[in-house]
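Heads up: the protein sequence lines correspond to chains B and A, in order.
Residue numbering for the first sequence is 1 to 374, as defined by our numbering.
Residue numbering for the second sequence is 1 to 676, as defined by our numbering.
None of these hints come from the bench; they were simulated from the model.
Hints are not guaranteed to be accurate.
[Said to hold, decoys possible] Computed beta-carbon distance windows for the label pairs: (1) B:Leu185 with A:Ile278: 51 to 61 Å; (2) B:Gly50 with A:Ala102: 38 to 48 Å; (3) B:Leu61 with A:Asn56: 52 to 62 Å; (4) B:Leu61 with A:Phe46: 45 to 55 Å; (5) A:Arg105 with B:Tyr72: 43 to 53 Å; (6) A:Gly212 with B:Arg43: 54 to 64 Å.
[To be verified] Short, incomplete list of chain A residues facing chain B, as computed with Cβ under 7 Å: (7) Ala18; (8) Leu36; (9) Met43.
For glycine and all other residues, C-beta sits at the position ideal for the given N, C-alpha and C.
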Amino acid sequence: MRKVNWRHFDLLLLLATALLVGYGVLMISSAVSDSPGLQELPRRQAVYAGIGAALMLGATLIDYRHLRDFRYPMYFLALGLLVLVLAVGEESYGAQRWVNLRFFPIQPAEIAKILLIIFLAAYFDGRQEEITSFRTFVVSLLFVLPAVALIMAQPNLSTAVSLLVLWGVMAFVAGVRLRYLLGLLAAGVLASPALWALLADYQRQRILIFLNPSSDSMANYNVWQAMIGIGSGGLLGKGFAMGSQSQLRFLRVRWSDFIFAVIGEELGFIGVLILVALLLVVVLRLLRGAIRARDMMGQLIAVGVATLILFQSVVNIGMNIGMLPATGVPLPFVSSGGSSLIAFLMAEGLVQSVNLRRLKVEYPLASRVGGSIP
Amino acid sequence: MKDPLAKLNGVSETPVHAVLRIRILQIAAVLLFGVLLALVGRMQIFQRDYYAQLANRMRFREIALPAQRGVMYDRRGELLVRNVPSFAVTVVPADLPDDPAARARVIRRLVELLHIQDDSWIVPPYRQGGAGSPANWEAQALAESLRRREGRRDPITYLTELLEEAEALAPYQPVVIRSGVDRDVAFTIEEERLYLPGVQVTVQPQRSYPAGELMAHLLGYMGPIPRELRETYISQGYAPTDQVGLAGLELQYEAELRGVKGRKTIEVDVAGREVRTIGEITPPTPGNNLVLSIDLALQRATEQLLAKALQQAKSPSGVAIAMNPQNGEVLAMVSLPGYDNNLFAGGIKPEDYERLNADERRPLVNHAIMGQYPPGSTFKIVPAAGGLQEGVITPRTLIRCDGIMYVPNQYFPDDPTKAQPFYCWIHKYGHGHGAIALEEAIVQSCDIFFYQVAGGFQDFAGLGLERLASYAHAFGFGELTGIDLPGEVRGLVPTAQWKRLNYSESWVKGDTYNMAIGQGFVLATPLQVVNAFAAIANGGSLYQPHVVRQIVDAEGRVVQEVGPQLIRRLPVEESYIREIQRGLEQAVERGTGRQAALQGIHVAGKTGTAEFPGKRDAKGNLPTHAWFVAYAPAENPEIAVVVFIYGGGEGSSVAAPVAGEILSAYFGVPRLYSGE
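Next up, chain B with everything else stripped away, as it sits in the complex:
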């Protein structure tokens, strides 16, 4: 094993992440401050953050390149987890997304996403020579589709879509021919009427409601309450634990899916600005790690993790402001929920592992682009 260089540990990434998690715990405690039954949540979130931090350190120490050898076990573990949810999962809000371990319920899909990132990174890395072949494109897609199908069966449309986006972006960065990817996208658009038929009723309902908000006031209620909260927050917000929408509980699941609305209402545009800036820093630093990675596997791991965080943030915030359909996508690092937090922290640890193992030269990109040899 090569020596690791701790000088390459991305402190800024860690700092931004820590701030996001802390921000999350703070806002969760505000969100539940008036709900006696939920006082546990912020403390529990802090505990999850601790567990996540430990796992992050562990992932940092592992040489990600060894994971290449375990790519198939990891792939099948991911599928196995998803099958497990369907077999023994608990239903909540009409979907089976949870598996109750002894201590806390976990959402295997969150873990499965990370496993699939590693698998795809390793797969593309192994096929660098034929990366532009149609075969690479098709086979990689065929690996992803079973997982997508299993998640659809839960049913969980948003996670299924996030997997497809993840695959698409990773394939794009790996160098799969753009015309294949665009061709698939075009085919998907053309086939959408057929896909529509495959959706569950509630999924169609949500999309319809999104397209025509006045059609079902009850189902659109949560998003509408979130929008009222955010809009009424103004520039400076109503103050910590002072939001009428949040504190008078017009907002449902305000501690998880709608935590953004609590931030927008209580801390105003300034609070939103800070949140978005922190998320942007995290995504950009992860992509910076990708650029500097030693090999394609490391690069793609970083790209995958960044994509997932970017995608989920956009979808969650977009839902909160009524711009995207209502889905159960949590805001990375901020929403209350152990599985998501721990999975993202672990994934970030992997990217740090990639950082630590990059080549010694500090600014390889400059050297290449600039064309000068140091």
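Dock chain A against chain B, hints included.
Below, chain A alone, put in the same frame as chain B:
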């Protein structure tokens, strides 16, 4: 393709185009977050006022403060309606514990505390009209039929499923689990509220009627707003969940009793629970109280006497009304069978309602004003008054009664075999009344006398249908009396045209004969009958009967005094009314009404024995309703009474004694012939 420079440097394996693609990703991230920020900024900075207004609309609510509903007293100040607190247990599904085990504990405890045996009483939440009462009966009937189909289920399972369903539909809408909960149970739940998250006890006023069945037809009951009248009520300032009067005085005087709601603005949480009050409170104004003309003691005596008579006569239903003939005040009004209006307070159980509704004797109907029956011989005052006033007869005109008279067929006037016989009731004893004048005709209730006065015979010209009908209307038959109770019916005074339309036949002289003795097509309510006699009793003034004599505000100030309201003077000279009065006095003195006579007080009255289509007896006679109408003291009447016994038999032997007993109870004087 690999970056040749990178290879040369040995610096990185990252190809240039991969870096470019990652740069594209970075730019995409900046753009996406930038767009989101712009969108949020637009909402928070430029549309802030709009959203702030919406947020205020969410949190501030103007709520109505319920006004205390007015109560009612009898004429002596006896309280007839009370407002009592009623406890309803509701659950806000969203406030239940999330943990399934903890939730199950709450539900189990609730089932235990409420002594819920099965699921029969639970209404699916989306069918509940509003908090406080298990809303409409239709929904309850549905729940009932569901229960029957599925068999009784374990209440814990049922309640759990129901609340899950409710949570999916409207998580913060309270679901009424049970209304009309015992005080002790309500207090226990309040004490345990820390261990019963999501469970609430709400207090609502509920009507309590101490006299129960005795006054139910008069007082009526309250209930949720009927669906078809929703808009009307809401436009008058009612909330959809309000209780309103649905029958009797509760309905008739709704506007007086309801009072004026107060208002206040509160801050609410999502469940609509008050967080604090904002600004000034407009206090509610309590509703006005009603003082009835009913004498509860007389009402009670009347009910008991009528009930006993119904039992003896094996009659399914009957009516007794007592009123003051000088001003139209109703002193007692009993319609049997009755019902307990306390069943309706707090929502009637479906099985109770079904039972009352299915009962053939129609206990929910106030037969005194909603039942229409042939009035029989009580109607004879109409041809008597009309005959005198129109000069058809004088008080001394003699008409011969042979017990039977033959009316020639109008197409074959010379063929006696085609002639139609008309009988006097006395014919069954084998003789007639002989030649008699008006007074004797009333005393003996001679049918042939009144046939001829109304319809004429041979050379003798009678009143004819038109004039008979116009006098019937003058006495208030075929018209609403306008009593202050809802649901009154008109009865029927037929016309020739009415018969053509309904029977496709012409009016014939025989129809006029039948009408003269209150048979045939004519129909009247017991109230119309007693009111017509009250007009005779007081010398010719037809008053509008009424049950409420005073409307009093909450401080006891009289808001409205209901005095005598004259409908019209009878178009009959007072001397002629005197003649009829004399006949009625003599009828009790020595005629068909002797059973109603009192010791020391002169009673005037008239029997009625009205045939109605039904099962004939062994001798082939039709069944008859028994009627008796009376007033006393004859010289200066202060009370008029009608007794009607459905299918009771002879008015003289069945109804007259009851009227006598009622008068006896009123005057405190024994009956003259009570031994007979």
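Practice item. Could you tell me which of the hints above the structure violates, numbers in ascending order? Key: Hint 2 alone not satisfied by this model.
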